[in-house]
Each structure stands twice: as structure tokens, then as C-alpha cells.
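Work out the full structure: start from the sequences and follow the hints.
First to last, the protein sequences are chains S and H.
Take any residue in the first sequence, count from 1 to its spot, add 8: that is its number in this note's numbering.
Take any residue in the second sequence, count from 1 to its spot, add 8: that is its number in this note's numbering.
Worth flagging that the hints you see were computed from the coordinates, not collected in a lab.
Mixed in with the good hints there might be a few duds.
A pair counts as met if it fits within one copy or between any two copies, since identical chains are not told apart.
Unchecked claim - Think about it this way: if two alpha-carbon atoms lie no more than 20 angstroms apart in a straight line, the pair counts; the simulated EDC-like pairs of lysine to aspartate or glutamate are:
hint: 1; residue 1: Lys226; residue 2: Asp292
hint: 2; residue 1: Lys226; residue 2: Glu250
hint: 3; residue 1: Lys220; residue 2: Glu250
hint: 4; residue 1: Lys164; residue 2: Asp109
hint: 5; residue 1: Lys124; residue 2: Glu322
hint: 6; residue 1: Lys226; residue 2: Glu297
hint: 7; residue 1: Lys226; residue 2: Glu294
Protein chains: 2
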Amino acid sequence: MLDNQIKQALRSIVGDAYFKDDMESLVTHSYDGTPMLQALPDGVIYPRDTSQVSAIMKVLSANRIPLISRGSGTNLCGGTVPVQGGIVMVMHRMNAILEVDMQNLTAVVQPGIITKKFIEHIENLGLFYPPDPSSMAISTIGGNIAECSGGLRGLKYGTTKDYVIGLQVVLASGEIMRTGGKLMKDVAGYDLTKLLIGSEGTLAVITEATLKLIPPPKFKKTMLAMFKDLYGAARTVSTIIENRIIPATLEFMDNPTIRVVDDFAKLGLPLDMAAILLIEQDGDPESVERDIERIREICQAEQADRVSVAATAEEALKLLTARRSAFTALARLRPTTILEDATVPRSKIAEMVMEINRIAEKHQVQICTFGHAGDGNLHPTATTDARNTEEIHRVEAAFEEIFEAAIQLGGTITGEHGVGLVKAPFLEWKVGQTGIAIMQGIKQTFDPLHILNPGKIFAKESRRRVVIDHA
Amino acid sequence: MLDNQIKQALRSIVGDAYFKDDMESLVTHSYDGTPMLQALPDGVIYPRDTSQVSAIMKVLSANRIPLISRGSGTNLCGGTVPVQGGIVMVMHRMNAILEVDMQNLTAVVQPGIITKKFIEHIENLGLFYPPDPSSMAISTIGGNIAECSGGLRGLKYGTTKDYVIGLQVVLASGEIMRTGGKLMKDVAGYDLTKLLIGSEGTLAVITEATLKLIPPPKFKKTMLAMFKDLYGAARTVSTIIENRIIPATLEFMDNPTIRVVDDFAKLGLPLDMAAILLIEQDGDPESVERDIERIREICQAEQADRVSVAATAEEALKLLTARRSAFTALARLRPTTILEDATVPRSKIAEMVMEINRIAEKHQVQICTFGHAGDGNLHPTATTDARNTEEIHRVEAAFEEIFEAAIQLGGTITGEHGVGLVKAPFLEWKVGQTGIAIMQGIKQTFDPLHILNPGKIFAKESRRRVVIDHA
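So this is what it looks like as C-alpha cells:
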């Protein structure tokens with residue numbers, strides 16, 4: 009509960025209309041895209057500009073009140089759930105594209121701009137901003153930066169961190185700090201820009217970002233390769249890359265995912281396939297044609313049952329949209345959908361899929377797997393029911409073993425969704441006690457009062473590893 | 009001076025042959041590639057592996073003795089001068105390529121491998137590692153990572169930070185920490201890999217790196233465009249990029265640089281040109297031809313005096329080698345050569361060159377400018393004489409104004425050489441007092457006893473800005 013004096017101070021910064029603490033507002037901001045996590049904040053605030061964010065932080069730090077900055081809350085790690093109460097700061101009013109610099113190929117944006125809206129604006133100017141998380145129709149660029157979002161084009165083009173070259177942030181103290189700039193090279197001190205990207209709102213509030221844009225590819229082609237043998241599909245992923253071809257997109261869907269996506273998007277996909285690869289290449293027409301032809305040969309050598317190239321841009325878009333809808337489609341199956349993103353070296357995709365299936369069967373839970381195969385970034389997704397406590401325990405046990413398996417294969421607990429609340433107990437498995445200690449020291453430097461998104465990334469207690477490491 | 013017990017402890021870790029404290033060894037490691045900086049270490053040590061590095065760090069931290077890790081010492085910021093004495097750790101014995109993974113397109117190397125040797129090894133396997141600092145024939149990958157080295161291919165391919173995806177480091181305490189891995193996506197906690205890249209040996213000792221490799225371009229073409237008008241050359245740089253063409257290399261040399269490079273490399277360059285652009289494009293043959301043709305048109309529209317495309321690979325290599333030799337060639341002019349790397353948004357190249365010339369004239373010093381124009385990363389280079397104190401003061405005053413001008417144009421004090429000793433007094437101009445405070449907090453977390461490369465990055469006192477900021 010906030011005392012009236014603090015509420016008054018916050019109202020005087022943003023105006024009465026932009027601070028809310030009625031129950032409807034609090035409940036609306038008590039959860040995010042992650043199932044089964046909810047906690048009420050004490051207030052919700054909507055700043056208009058950086059100076060308001062700074063003034064708000066000064067009030068909050070003087071009173072040691074937690075601050076959870078958020079965009080649309082589409083994250084899947086509980087990253088914006090206000091577990092220790094405090095103020096949720098919604099960045100949607102700060103949604104301007106401040107500049108597109110056609111000479112330097114950069115854009116300066118406020119954090120609340122919707123990712124897809126920004127991408128469309130940029131594409132209309134004949135430029136390209138590759139990071140395209142599946143949530144992009146509703147997610148914000150600020151949220152993408154906080155989580156270091158990936159997407160379908162990550163394999164060839166990299167993720168959010170590869171396109172953010174400067175930031176303006178407000179620190180816990182209310183101080184405003186700028187990092188980087190419109191500079192392709194800058195080694196003046198430690199790379200604070202990259203450190204802030206993916207810091208999940210625990211180090212500072214992002215108030216402005218300078219983004220790198222690139223020339224768009226001139227041409228693209230999309231193809232589907234369907235496999236009756238799951239491991240043929242997985243081997244195809246490695247083989248394509250071993251052949252020095254880096255497709256723009258190289259997505260994987262297993263049989264259960266194919267079934268629900270087809271039912272959702274009415275694509276007429278063959279339902280007896282063990283796996284489908286959705287492959288897109290872009291670039292100059294000649295090289296795209298050459299790559300697609302070579303990929304077709306590789307698919308056939310790996311016993312693909314069918315390989316088809318989209319005849320038109322509409323057909324290609326339909327396929328991509330269907331893949332993007334996998335999460336939504338799976339969510340219709342049962343009341344609760346838990347999507348994870350264990351990631352492995354791409355050569356280990358086949359082993360990882362095999363492990364996921366073995367673990368799902370062991371715990372008698374339904375796990376569908378799809379994801380960015382070219383990155384080794386899989387999304388094993390459990391369809392379950394939050395009201396069935398016993399089943400949820402089995403789902404949690406299964407995911408614990410899936411994280412363990414990913415680590416054993418040289419992978420990580422999260423490729424693009426972030427640690428947040430959900431994976432905090434497992435972070436030590438990836439980065440070790442030393443890594444945790446260093447990260448906590450960095451957190452302490454930025455946020456000595458621990459008011460920025462408290463309770464995230466660092467767990468009170470790390471989960472003990474269930475499997476003995478024989479490495 | 010080290011006491012005998014400490015020397016004995018260090019000798020017992022590496023063996024007598026690999027710890028040295030004779031005067032010849034100390035003098036040899038008292039300086040690096042930066043002129044006019046020298047300080048004697050107390051000893052020089054050559055570890056064989058990570059466990060030796062760890063054992064050494066335990067001895068040094070127990071006794072609060074500074075440690076300066078280095079490769080070949082080719083840096084140009086005084087980054088490896090042992091200004092507070094202590095032990096210089098030379099990484100040359102740890103020079104193995106531990107693995108090249110053809111399925112994941114990654115390599116694991118020890119830090120002491122020579123950059124060019126690694127690049128050649130990788131190219132023989134049909135793969136590509138783009139970062140190519142001009143020092144690459146002698147520099148080490150470990151040194152490149154410590155400085156976040158750039159190079160001629162940075163414009164299209166990025167710099168060292170874009171290719172290091174995992175590290176093994178030894179902390180000041182002697183603890184061994186791993187970050188990242190063979191993973192194209194990994195958001196498990198703060199990005200310590202990127203934080204360590206470019207940290208100039210002040211946060212940890214790099215003992216192993218996992219590098220991302222990419223498919224090599226199939227084809228390349230090299231061209232020279234010569235301009236009698238300096239600003240025509242500079243405008244050409246912006247116009248090429250505005251036309252959505254990102255060349256692999258886009259280098260700039262001004263008239264004084266042309267003269268010395270030609271004298272050095274005997275290329276028969278016309279000596280009456282104000283500037284030459286060296287442009288290289290790579291990729292598929294069709295797109296390279298198209299880009300080169302379009303670039304030729306742009307050069308001609310900007311009144312280029314001559315545009316010539318290298319007829320053979322040998323001719324192209326000769327041109328590139330000549331450009332790489334600019335520093336060496338300039339170094340023959342006068343006893344002391346001071347090379348800087350003020351960097352600006354690429355649209356500001358013309359203004360920056362104009363400012364450099366104005367400042368050089370004002371202070372009556374000779375400054376030649378060349379560099380990676382496509383990145384806005386210029387290398388204004390003073391040819392002077394360290395024995396002439398009065399002239400050196402004028403050179404220093406000129407560089408101070410050049411850094412100031414770069415900042416005023418939205419640039420930075422260093423694009424690829426690092427802060428080290430030389431630019432420490434100017435760091436605050438770029439990152440502000442808040443940025444410095446945050447960076448010092450990070451330093452404190454990694455190295456609470458301040459034994460890792462002390463005296464670097466953070467100056468005792470920041471230089472006051474001479475020009476009033478009207479922004």
C-alpha cells in the first residue's frame with residue numbers, strides 16, 4: 009500500500025489521469041504473458057517522457073518502492089509480474105519514432121512503440137529492421153530490448169542485441185544516462201549498451217533507443233520440407249549449415265504442432281508427418297534460387313517426404329503467419345499453455361528433440377515442440393491445466409529435466425525469452441555460482457536499493473541439479 | 009620489487025624457464041605499440057594453461073600485485089603498459105586452436121593465437137572470420153577481444169564483439185568462469201561475454217574463446233576512386249550507404265597519406281589527389297558486379313577524377329596491403345607517430361576531416377588522416393618527434409580538440425583502439441560522470457583489489473572540456 013503523500017507526488021508528476029490505483033488497473037497489471045503467475049502492484053503509472061521517468065524514479069528510490077517497467081507484457085518468463093508489489097510503469101505513451109536517419113541508416117525510438125508498427129514504418133522507407141519476435145504485433149521495442157528478443161530471422165540476421173547501438177536510460181536514482189550513439193564502432197569504456205540489452209528491467213528503465221537499420225533483401229523464397237522421420241528433419245538443419253548456407257529462417261514444427269497449426273490456419277498440411285521445416289532464404293534473386301535449390305537437394309537426401317516452394321508471396325506469408333501462430337494455436341488445446349525456450353548448439357537439435365519426447369513420455373505430459381531450429385532455439389510447449397495441481401507438478405518436473413538436458417548438450421536455459429521469475433532457479437546451472445555472484449555485483453552497482461524489478465533473474469534459492477554431471 | 013617468496017611461488021607454478029625478471033625481459037615488456045609510454049614491470053610470466061593462470065592469480069591477489077595480461081602488445085592506447093608495475097602475463101604459449109566445429113560453424117581458441125594465423129587456418133577449411141585489425145599479422149585473438157578490435161571489414165561484417173559468443177576467463181580471485189557457449193542465442197542473465205569484450209584486461213584474464221564463423225563470400229571486387237575534392241570523397245561515402253549498399257570495405261586516405269603510402273608501396277598512385285577511397289564488395293558475383301557498377305556511378309556523380317577496378321586478385325591484394333601499411337608508411341616520415349581513432353556517425357565524415365585539418369593547421373602540426381570511412385572511424389595520425397617537448401604539447405592540444413570535435417559531431421573518442429592510458433582523461437566526455445561511476449562499479453565487482461591492469465580506462469582526473477557545449 010502506498011501512502012497518500014507518495015501517490016500525490018506521483019500524480020503531480022504525470023497528472024491525475026496517468027496514475028491509477030483502482031482495483032481494475034491493479035489487476036490488469038498483475039500478470040503478463042506467462043501463465044500461473046500473478047501479483048498485485050500498488051499503482052500503475054504512465055509517463056510521457058524521460059524527465060517524468062526520472063522524477064518518478066527519484067520519488068520511488070527515496071521511498072524504496074519497487075518499479076516494474078513494462079511494454080505490452082508479452083514476455084513468457086514472468087518478467088513483468090510485480091512480485092514484490094510497487095509501481096508498474098507502462099511505457100505505451102512514449103511510443104514515438106523520433107528520427108529515421110537515412111544517411112546513417114539509424115532510427116531513434118521511444119520504448120513504447122509497437123515492434124510491428126516500427127518495422128512497417130521502416131519498410132515503407134525502404135529499410136529493414138530484422139528482429140521479429142512472434143509477439144511483434146503487440147510487443148514493444150522497449151520490451152524487446154529488455155528481453156533481448158529473437159525471432160524467426162535470428163539465424164541469419166541476429167537478434168535485438170545486434171541492432172541496438174545506443175540507449176538512453178533512467179537509473180534507479182533517477183539519473184539519466186546515455187550509452188553508445190549513431191556509431192558503428194565505439195569502444196569508449198565497457199559496453200553498457202549490450203549489458204543493458206536483455207537485463208530484463210533490473211538495471212535501468214529504457215527511455216530511448218538508437219537502432220541500426222540495414223538494406224532490405226531484394227528477394228525471398230519460402231519452402232516447406234516435410235519428413236516422416238523426425239531425425240531426418242533435425243539432421244537436415246545441421247546439414248544445410250554445414251553446407252555453408254545460412255537461411256533467413258529455418259523453423260521446425262513437430263507432429264502435434266503441425267496438427268494444431270493446420271487446424272487453426274487451415275493450410276491443408278499432411279497430418280502424418282513427424283516434422284516440417286519451414287525454410288526461407290532472402291538476398292539477391294540469383295543466390296536465393298541457388299540456395300533454395302541446394303536446400304531442396306539436402307532435404308531430399310535426408311529422405312524428406314515432400315518439398316514444396318511457395319509459388320507466391322501470399323502463399324509464403326500464409327506459411328510464415330501459420331508458424332507464428334503456433335503458440336496461439338496450441339493455446340486452444342487445453343486451458344494452460346506453458347512455452348519454454350531451451351536452446352542447444354544447432355548440431356544437437358535431433359538429440360534435444362529426442363530428449364524432450366523421452367521426458368514428456370516419462371512424466372506423462374503433452375509437450376509439442378516447435379521453434380527456431382537453425383539457432384538451436386526450441387520451444388517445447390506443454391498444454392496442460394493450471395487447476396490440476398498434480399499434473400502441473402509433472403509438467404514442472406518435465407521442464408526441469410528439459411533444462412538439464414539442454415545444459416548437458418552444451419545449451420542454455422533460455423535462448424530468447426529471458427530468465428524472469430520462471431527460470432531464476434535454474435540460472436546457476438548455466439552460469440555457475442561465480443557467474444551469479446558477478447551478475448549480482450553488477451545489479452548492486454546499478455540498483456543498490458534493489459527497487460528495479462526485484463525478484464527477477466536471481467532466485468532466493470537455486471534448484472539443485474537432478475542429474476549428475478559426468479562431463 | 010617482488011620478494012623472493014612470491015617469485016618462488018610463481019616459478020613453482022610455471023617452471024623456472026617461464027618466469028623472468030632479468031632487466032632485458034622487464035624492458036622488453038615495459039612498452040607496447042603506443043609511443044612515449046613506458047613503465048617497468050616487476051616480472052614477466054608465460055602460463056601454459058588456464059589452471060596455471062588461475063594459480064598465478066591466486067598468488068597475485070593474495071599479495072595485491074598488479075597483473076597485466078597481454079598478447080603481442082600491438083595496441084595503440086597504452087593498454088598494456090605496466091604503469092603500476094606488477095607482473096606482465098604473456099599469453100603466447102596458450103596459442104592453440106582447440107576445435108573447429110564444422111556443424112555449428114564455431115571455433116574454440118586459446119587467446120595467444122596470432123589473428124592472421126587463425127584466419128588462414130579457418131579460410132583453408134572454407135570458412136570465414138571477418139575481424140581483421142591492421143595489426144593482424146602480429147596481434148593475438150586474445151588481444152583483439154580485450155580491445156574489441158575492428159578492421160577493414162567492420163562496415164559490413166561488424167567487429168570482434170560480433171564474433172565472440174563464449175569465453176572462459178580467470179577472475180582476479182583466481183576463479184575460473186565460463187560465459188556463453190556454442191549458442192547463437194543465449195539470454196541466461198546479463199551478457200557477460202559482451203561486457204568482457206573490450207574491457208581491456210581490467211575485468212578478467214581471457215583464457216579461451218568460442219568464436220562464430222560464417223560462410224565466406226564467393227567473390228569479391230576491389231576498386232579505387234580518386235578525388236581532387238576532399239569533400240566529394242567524403243560525400244561519396246554517405247551516398248553509397250544512403251543508396252542501400254554496404255560495401256565490405258570502404259577506406260579513406262587523404263593526400264599526405266596517399267603520398268607516403270605510394271612512396272612505401274610503389275603503386276604509382278596520382279599524388280595530386282585530395283583523397284582516395286578504396287572500396288571492396290564481396291558476395292555472389294551478380295550482386296557484387298551490380299554494386300560495383302552502382303558505386304562507380306555514385307563516385308562519378310560526386311566528381312571523382314578517376315575510378316578504377318582492380319583487374320586481378322593480385323592487384324586487389326596489393327591495394328589492400330598498401331592501405332594496411334598506412335601506419336607503417338607514415339611511421340617512416342618522422343621519429344614519432346601518434347595514431348588516433350576518433351569516430352563519428354558516417355554522415356559526418358566530411359565535417360570531421362575538415363575539423364581535423366583546421367585543428368592541425370591551428371596548432372601547426374602535421375596530421376595525416378586515413379581510416380575506415382564507412383564506419384566513420386578515422387585515424388588522424390600525427391607525425392612528430394617525441395624529443396621536441398614543445399611540439400608534442402601542440403600535438404596533444406590538437407588531439408584534445410579532435411576528440412572534442414568528434415564528441416560534438418555525435419561521435420566517440422575511440423572506435424576500435426580502446427581507452428587504455430591515452431584516452432582515459434577524455435572518457436568522461438563520451439560517457440558522462442554517471443557512465444564512469446557505473447563502469448567503476450562494474451570494475452569493483454570483478455576486481456575489488458584493483459590488481460587487473462590498474463591505471464587503465466579510468467583516469468585519476470578527467471580533462472576539462474575546452475569547448476563549450478552549445479547543444
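query = What hint numbers does the structure not satisfy?
reply = Violated hints: none at all, because every hint is consistent with the structure.
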